[in-house]
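Visitor: Here is how the chains run, residue by residue.
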Amino acid sequence: MKVLILGTEIISKIIGDSILEDVSSLTYVDESEINYKSWDFTNLSKISFHKGSFNKIDTIISAGLESADLVIASTNNDSLNSFLAQKSKINFDVNCFIVISNKVMANLFRDLDFFVIESHNIDLPKIINRLKKIR
Amino acid sequence: MNKNIIINGINDESLNLLEILLDFGINDVIFIDSNREKVVDLNTYSDNNIAIFGDTVSPEFLEYSGVNRQETDTIFVSVTKDDSINLISCQIAKYLYNAFDVISLVNQSENRSLFSSVGIDNIIYPDSTLVDKIINSSGGSMPLNLMDIPSKGTAVWSVEIPTKSLLIGVDINNLNIPFRALILGKIDNKGNPYDSSESLDVQEGDSLIIISSIRNKDSMIRFFQGGD
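Chains as they are written, first to last, in the numbering used here: chain A, 3 to 137; chain B, 11 to 238.
Keep in mind that the hints were calculated from the coordinates and are not lab data. Hints are supplied without guarantee of correctness; some may be wrong.
[What the hints assert, rightly or not] A few chain B residues that face chain A, going by a derived Cβ cut-off under 7 Å, partial list only:
1. L52
2. V67
3. P69
4. S94
5. I98
6. L106
7. E120
8. V128
9. N186
10. I187
11. I231
Glycine is no exception: its CB is placed at the ideal position from the N, C-alpha and C atoms.
Starting from the given sequences, assemble the full structure and let the hints guide the process.
Guide: Given below as structure tokens:
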């Protein structure tokens with residue numbers, strides 16, 4: 003199972019760590035690799051980093067969007083996460099998780115049929131269960 | 011019912027836009043922006059405090075701005091340079107607060123189908139008219155958007171038939187268009203209009219007047235340019 007994580011916030015790392023066992027590859031995408039380079043991973047062979055601007059879909063495509071099974075939008079910006087997830091889902095029919103901090107917005111995107119991870123209340127077992135369902 | 015207009019995004023044209031709206035008797039207008047300086051500037055140059063500073067993708071701030079005001083119909087317009095802000099603020103206005111109408115600027119052409127697909131289909135483009143006109147003037151055949159049909163994702167188009175089109179000589183009623191489209195008629199190269207109910211051959215330089223979805227623009231270019 004190939005997973006793209008958009009963003010290299012602390013929550014991106016927490017989610018990546020929790021799903022690493024269940025995926026075949028995990029690619030982090032961000033405009034800067036500063037955070038990524040500061041991280042320690044237990045299984046480096048599965049993990050990679052792709053640098054590029056989120057303003058262009060080409061960045062996510064070249065990171066492997068077309069063959070990805072799941073995209074997790076977890077930048078530090080709710081609207082960017084919601085935007086990137088919708089773009090990925092609608093243009094490439096890929097499963098998407100959205101990290102959102104605003105509760106009202108989180109409910110809105112749940113109503114729009116997205117799997118939402120609330121950044122202030124991360125439920126890792128729920129994320130892993132959902133991942134297994136996709137797999 | 012009265013209308014209140016919320017415009018997300020302040021730019022050099024905001025004051026002009028306000029004046030035009032006032033000329034049309036639309037006077038319940040506020041601007042919102044996440045750039046404090048722009049808000050202060052606009053309030054300085056306008057007679058009243060018409061701009062509010064805040065996070066324009068925050069539901070709480072949009073509420074404060076009046077997106078769900080009682081006894082008025084809210085028209086929410088987002089014209090920032092950031093498509094993610096335009097899309098999400100419009101989705102919040104439309105789906106969370108049931109705004110009467112939402113209108114969005116789409117800056118990047120790659121995002122146009124996304125906006126339509128999620129129901130934000132009353133959209134405007136920053137440069138489409140200019141680009142289309144330049145391409146048409148250069149001998150291409152870009153469909154010219156004459157008018158959006160509000161809230162439908164559909165538009166009235168004018169398509170000029172280029173010299174190399176394989177459609178030249180084909181009866182207008184026998185065009186096998188590979189997408190859903192309605193041909194209303196044509197205007198010949200002398201400016202004479204013809205109704206599509208007549209038997210008419212397509213001629214070089216004709217402009218066909220068509221109703222079709224905005225999503226079909228690229229298909230229209232391929233069909234009328236190459237005649238496939």
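Visitor: Against this structure, judge whether each hint is valid.
Guide: Hint check results:
With a least beta-carbon distance of about 22 Å to chain A, the hint placing L52 of chain B at the interface is violated under the 7 Å criterion. This hint holds: V67 of chain B has a C-beta 4 Å from the nearest C-beta of chain A, less than the 7 Å allowed. The closest approach between the C-beta of P69 of chain B and any C-beta of chain A is roughly 4 Å, which is under the 7 Å cut-off, so the hint is satisfied. Hint on S94 of chain B holds. Least Cβ distance to chain A is approximately 4 Å, under the 7 Å limit.
At its closest, the beta carbon of I98 of chain B sits 4 Å from a beta carbon of chain A; the interface hint therefore holds under the 7 Å criterion. Nearest Cβ of chain A to the Cβ of L106 of chain B: about 5 Å, under the 7 Å cut. The hint holds. For E120 of chain B, the interface hint holds, since its Cβ comes within 7 Å of a Cβ in chain A; the closest pair sits about 6 Å apart. The closest approach between the C-beta of V128 of chain B and any C-beta of chain A is roughly 6 Å, which is under the 7 Å cut-off, so the hint is satisfied.
The interface hint given for N186 of chain B is broken, as the beta carbon of that residue sits about 28 Å from the closest beta carbon of chain A, more than 7 Å. Checking I187 of chain B against chain A by beta carbon gives a least distance of about 24 Å; that is not within 7 Å, so the hint is violated. Taking 7 Å as the C-beta cut-off, the interface hint given for I231 of chain B is violated, the closest approach to chain A being about 19 Å.
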